[in-house]
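J.: Now for the letters of each chain:
Protein chains: 2
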Amino acid sequence: MGHQSTKNLPITKVNADESNITFDILAIEEPLEIRVEYGPENHRQVRNVSVTMRTPGNDAELAAGFLFTEGIIKDLKDIVSVHHCFIACAENKENIIQVSLNESTTPNLQNTERNFYTTSSCGVCGKGSINAIRTVSAFSEQLDNNAVNADVLYQLPDILRQHQKVFEDTGGLHASALFNNTGELLIVREDVGRHNALDKLIGASINERLLPLTRNILMLSGRASFELVQKAAMAGINIIAAVGAPSTLAVELAAEFNITLVGFLRGQRFNIYTAAHRILIPDYETTH
Amino acid sequence: MGHQSTKNLPITKVNADESNITFDILAIEEPLEIRVEYGPENHRQVRNVSVTMRTPGNDAELAAGFLFTEGIIKDLKDIVSVHHCFIACAENKENIIQVSLNESTTPNLQNTERNFYTTSSCGVCGKGSINAIRTVSAFSEQLDNNAVNADVLYQLPDILRQHQKVFEDTGGLHASALFNNTGELLIVREDVGRHNALDKLIGASINERLLPLTRNILMLSGRASFELVQKAAMAGINIIAAVGAPSTLAVELAAEFNITLVGFLRGQRFNIYTAAHRILIPDYETTH
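So the sequence lines, in the order shown, correspond to chains A and B.
The first sequence begins at 879 in my numbering and counts up one residue at a time.
The second sequence begins at 879 in my numbering and counts up one residue at a time.
Because the hints were derived from the structure by calculation, they are not lab data.
Possibly wrong hints are sitting among the right ones.
It does not matter which identical chain is meant; a pair holds if it fits inside one copy or across any two.
Simulated pairs of lysine to any residue, SDA-like, Cα-Cα distance not exceeding 25 Å [claimed, not checked]:
#, residue 1, residue 2
1, K1043, R1144
2, K1043, G1122
3, K952, T1092
4, K885, R1039
5, K885, V1044
6, K1043, N1136
7, K885, G1122
8, K955, L1064
9, K952, L987
10, K885, R1093
11, K885, Q1042
12, K955, S982
Whenever a hint applies, use it, and build me the whole structure from the sequences.
T.: Written out as structure tokens, the structure is:
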């Protein structure tokens, strides 16, 4: 198949004692468009049924499993073949997969509209997704008059944890938190869906007339996906710190938008993936 | 607002020494339909723009944040009011929220189709979501000829971790694993999206002609959401074990489908949320 599930990217690794530039392995996140081909021989049709952000690999299984678990097909014997479409732009050749059904099968496409990502641009390569966002963002130029001390970052996870009320009770919620750049907590929101927690936080920021959030830090309780960086970019956020790992597409979007992306913020250490200039790190050379 | 973010449910708590019935606090997961009302006074229109599975609370912020971060509105001053619609079935009265825009604003609805969950049934209360699934599941009656020893369950997280190759490298992936009921690992799949990992796993099971998966255990590396239980039900799975917490709607769906749902499976302990009869627990009374 030739696909890759991970990618090596240069990062700045920071801990209480030192900081150095190294490489880190990231999970690849790319869109996959699933198409279904069906109908009698003289009238074959192709329909897009889903675009999902996925890690490349086992795409044929993903497509077959999706059609089955969403109730689009009832019997796997209906599938004649599953193959990638090597069309459209050069970059997305493994991001479209087509499932061909036999002539007598009518797929149940009633519920599929919810999954179809309609976008005027390419949309199924990372570049297309990023360009689509650039056109709608109100704050597409992220300002450089923001900065945060490494010492401030170290404290954020503990502060967030203390204010995650529902997580404390259930162990089952994602959180987004907004800090100012001296580490003062402004807003926390929680949800079973990480995108919802961030939408709530940005909605609250809107109510308090805080936008654009150019002098703030967005803290995420989990991983940093493409979708979360996209929403942050829309609100003018230029420093994102996540407890978990970022995906490749999250890093690419952050780089394009000049957003500082920090991951694995735990204890006295973190990784900087993009725009490291906004993180003020003690000069170990002179203090040691 | 009168909303609740958590719910107390009876569970069976099991560890190496004892098992007892107690209560546990779960994060509520319910659908929220976001509607936008716009247009001139003599021609107001209402459009559904999204249904998202969310934790109730801060729904107005969620709706405003969603419209803004998705680029549907560009300026928050365009919002005249945000309010819940107390219509439709009695159970969903807090699950529809409407954002009214001023007369001069035209929302950008071009990209919203991807978010619109079209379903013939109610769809915005838990019951509607569960009924929608019942109608399409090929294996809606989960069989009772499956069982697993507690000792077998204790071993599954370690076995899964040893086989999560990409997670090991990146710290950034969800995994789904299929075991037989004596604890033998059959299939593992990983992805940045937990629903994709499960679709890949079910797609692989299809390829190997293993469906329905009535003598197996599905192991999830993270939390158990409604969507994951739904996909499992479609494949005939009747025992699900998650490292993380389940949501309320995941538990309700598992109960309706007679699926055994285990959460917080870590070390020598776990919680059973539904259909506890399939977990064989040593009789502590006689052995102590």
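J.: Can you list which hints this structure breaks, lowest number first?
T.: 6 and 10
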